[in-house]
Structure formats: structure tokens, C-alpha cells
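Undergrad: In case you want the letters, here they are:
Protein chains: 2
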Amino acid sequence: MQLYNYFRSSASYRVRIALALKGLDYDYLPVHLVRNEQQGEAYTALNTAALVPTLVDGEQTVSQSLAIIEYLDETHPQPPLLPADAAGRARVRALALDIACEIHPLNNLRVLRFLTRDMRISEDDKNRWYRHWVETGLSAVEQRLQAAPSRFCHGEQPTLADCVLVPQIFNAQRFDCRLDHVPQIMRVFDACMALPAFSGTQPSACPDAEA
Amino acid sequence: MQLYNYFRSSASYRVRIALALKGLDYDYLPVHLVRNEQQGEAYTALNTAALVPTLVDGEQTVSQSLAIIEYLDETHPQPPLLPADAAGRARVRALALDIACEIHPLNNLRVLRFLTRDMRISEDDKNRWYRHWVETGLSAVEQRLQAAPSRFCHGEQPTLADCVLVPQIFNAQRFDCRLDHVPQIMRVFDACMALPAFSGTQPSACPDAEA
Chain F
1 MQLYNYFRSS ASYRVRIALA LKGLDYDYLP VHLVRNEQQG EAYTALNTAA
51 LVPTLVDGEQ TVSQSLAIIE YLDETHPQPP LLPADAAGRA RVRALALDIA
101 CEIHPLNNLR VLRFLTRDMR ISEDDKNRWY RHWVETGLSA VEQRLQAAPS
151 RFCHGEQPTL ADCVLVPQIF NAQRFDCRLD HVPQIMRVFD ACMALPAFSG
201 TQPSACPDAE A
Chain W
1 MQLYNYFRSS ASYRVRIALA LKGLDYDYLP VHLVRNEQQG EAYTALNTAA
51 LVPTLVDGEQ TVSQSLAIIE YLDETHPQPP LLPADAAGRA RVRALALDIA
101 CEIHPLNNLR VLRFLTRDMR ISEDDKNRWY RHWVETGLSA VEQRLQAAPS
151 RFCHGEQPTL ADCVLVPQIF NAQRFDCRLD HVPQIMRVFD ACMALPAFSG
201 TQPSACPDAE A
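One line per chain: the protein sequences are F and W, in this order. Heads up: the first sequence begins at 1 in full-length UniProt numbering, then just goes up one per residue. Heads up: the second sequence begins at 1 in full-length UniProt numbering, then just goes up one per residue.
Okay, chain F solo, but in the shape it has when bound (with noise of 0.2 Å):
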């Protein structure tokens, strides 16, 4: 398999985290999106969204962080990704979507530069912008996880859940956002931490991190 990534970009890093869970080897293939390479023809010509991550699996392209996830918890379902049961299932997918649809969508690089350039508020707002939907949105994560608190977001076993909520402490912590308010997703990031498939696929141990 080949994943086309960025060190910097969570919705890689979630598909790195679920990849070494899985025990299963990749090409790192960097695509600098500071230097705007995901919008060169050789990649658009395999994602035509211009986003990473992409998974290449033989014939299969697939892109979307959390379809990848899916698709490699179904392709190689050991260790699983989600829990057995349907209401289990749904809190897990709940709480990555509560990150990847209300957290993240607003505070990638390209809804940055279209709000300091486009909609030219200044750096102070777009830092104001950003930690108003990390702070707020982990705090209604914080109570989903107090509602049912475990070693990880769900149960025993790091899930798909804890594979999208690490990636976006590394980017609370990148722009000064409070995390004083969410002890118990501190405690889980703590416990995710504390394994290998979390850390040794962080920003700072890619190929391609920069200072």
C-alpha cells in the first residue's frame, strides 16, 4: 500500500495512527501542502479534491480519512477499529465525526488562507476563529466521554474514535488552544500516547517533518 500524505496534516496522521494499529506496512509518500503540491496534476490525477490523505491499495484509490479507516478495519479487521455492537458502532463514528465534521473542516490550511486572504480578517481573528471551534468543540466531546468515561474513547482498545481525537490535541496544542476544560480527553490522549502507533506516527517522526 502507498499513502500519499503530509506530516503536518491530521487527517494523515489519523490514517498513519490506523495503519500501525493494524500492523500493516506502507510507502510514506509526502505531498508538501505548504508548497501547494496537492494541487499539482500528478496528484489531482489520483485525487481529484486535492486533499490528503490517499490510500493506494492495488487497484483501489481511496481517499476521505475516515472511509481509509473503514476500509482497512474491513480489508484487515484485526485488531478492530470499532466495536461489535451497532450502538457501540455508532458512538465511536459519533465522536470522530463530532472532530472530523465540526472541529477540523474549519481550521484546515485552506480555510485559513481563504479567510486571511479572502475574507482578509486579520491573524489575531484567525487566531481567535481557530480556538473557538477547538475549545468549543472538544468541550461537547469532553462531555460525550464523561458521559461513559474509559481508558480510551471507547472501552479498553484505541478505535477509530481515539485515531481522529489525538490528531486534533497535537493541533490544539500547535495554536495555544485551552485544554484545561477537557480533562478527560487529556487522560485519553495520555493513554493513546502511551503507545507506539500513536507516537511513532506524530508530526515530528515523519519523513518529511519540518522544525
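Among the hints, erroneous ones may be present.
Pairs count within a copy or across copies, as identical chains cannot be separated in the list.
[What the hints assert, rightly or not] Within a straight-line C-alpha distance of at most 25 Å, the following computed SDA-like cross-link-like pairs (lysine to any residue) qualify:
| # | residue 1 | residue 2 |
| --- | --- | --- |
| 1 | 22 | 83 |
| 2 | 126 | 114 |
| 3 | 22 | 200 |
| 4 | 22 | 207 |
| 5 | 22 | 60 |
| 6 | 126 | 109 |
| 7 | 126 | 116 |
| 8 | 22 | 125 |
| 9 | 22 | 202 |
| 10 | 126 | 152 |
| 11 | 126 | 180 |
Think of the hints as simulated: they come from the structure by calculation, not from any bench.
Please build the complex by placing chain W on the supplied structure of chain F, with the hints as guidance.
TA: Positioned in the frame of chain F, the structure of chain W alone reads:
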């Protein structure tokens, strides 16, 4: 089952379509977003994120529209809303996420309110923002559909991807977005709207509809 939702919320409409495709009865419980009913104590006790929709199925409370539709597909498998093969499932999920992660989160009511009230951007700039994400996001979806055109987003039966696409087109039309650059999407939209599951659950057909 009970569905807490709002006639004009496109995330709500996705779930109404899925319930109708599966022929499932439910109580329609309106939550008025413009009056901020989603932030009242009664609703946040059910959904801490204060977002619609929420599905209550006996003991289970499920949030996030895509998680709800996957839950319905697992608990009521006929007719299936995902293909049988892993590659097809990945394509359908990616199409759904292309809209649910890349377009819709940037344009929902709370985000538009934050842009105008907190970031103090003008009404014109807000509309320009809205149309930018709809038009560029749908363009990426169009290219994916044109790579393997079919009656619905994926094949000859409606899937999760159609449940997400159709409400997005309603939003696009409401905000006068360009749609002449996405002919395959509009063919799929027309095929969907010919079915009562899509037309009978549209915003104007809801019990809480307003002019």
C-alpha cells in the same frame, strides 16, 4: 423511534431520507434552530453538542447524521445504503464525507453567525464564503462522479452518498450557488427527487416547515 430535527437542517434531511428509504416509521420532533431550541436544557441533556439531528431508538441515543445512517443500515439492513464490497463502500463513504466534511461544516448556521457577529464580515462576504465552498466542493464531487457515472451516486440504487448529496443541493439552491458546472450531480439529484423517499422528506414537506 424518535427523530429530533429541523426542517431546514441538511444533516436532519439526510437522516429523514435514510429512514424513508428503509420504510421506517418515527416520531418527528422539531427543534427550532433559529430560535436556539437546540441550546435549551431539554435538548442538550439528549445531545451535549447541541446539534441536530438526534435519533432515539429505545435505549439508544445516536447523534451525528452519518453515524445515525450507518446505525440504521446495521440495525435495518434492507434495502442496504452501502454497497456489499469494501471498495464500493469506501467510494460511497468518501463521497458522503466530501460533502459532510468539506462543504457543509463551513456553511451551517452557527458558523455563518460567528462569521458575521464575531468576525464582523459583511453579508456580501458571507454569501461569497458560502458559495465558494459549495461551488468548489461540488466541483470535486462532480469529478468523482464523472469518473464512474451511474443513475445514483454509486450504481443503480440510492446509497448514503445520495442521502448527503441531495440536502446539499437544496442548500446550494437556497443561496443561489452556481450549479451549471456539475451536470452529473444534477442528473443524480433529479433521479433522487423522482423518489418519494427524497421528495416527501424535503424541507418544505416537513411538519415544522416555514415559508
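Undergrad: Are the hints correct? Go through all of them and say.
TA: To see whether the hints hold, each was checked on the structure:
1. 22 / 83: both (15 Å within a copy, 24 Å between copies)
2. 126 / 114: Classified as both: same-chain Cα gap 10 Å, cross-chain 12 Å, threshold 25 Å.
3. 22 / 200: within (14 Å within a copy, 43 Å between copies)
4. 22 / 207: within (20 Å within a copy, 47 Å between copies)
5. 22 / 60: within (19 Å within a copy, 29 Å between copies)
6. 126 / 109: Result: close both inside a copy and across copies, 11 Å intra and 19 Å inter.
7. 126 / 116: For residue 126 and residue 116, the Cα distance is within 25 Å both inside one copy (7 Å) and across copies (14 Å).
8. 22 / 125: neither (40 Å within a copy, 45 Å between copies)
9. 22 / 202: Within one copy only: 16 Å inside a chain, 42 Å across chains, cut-off 25 Å.
10. 126 / 152: This pair counts as neither: shortest intra-copy Cα distance 32 Å, inter-copy 39 Å.
11. 126 / 180: within (22 Å within a copy, 33 Å between copies)
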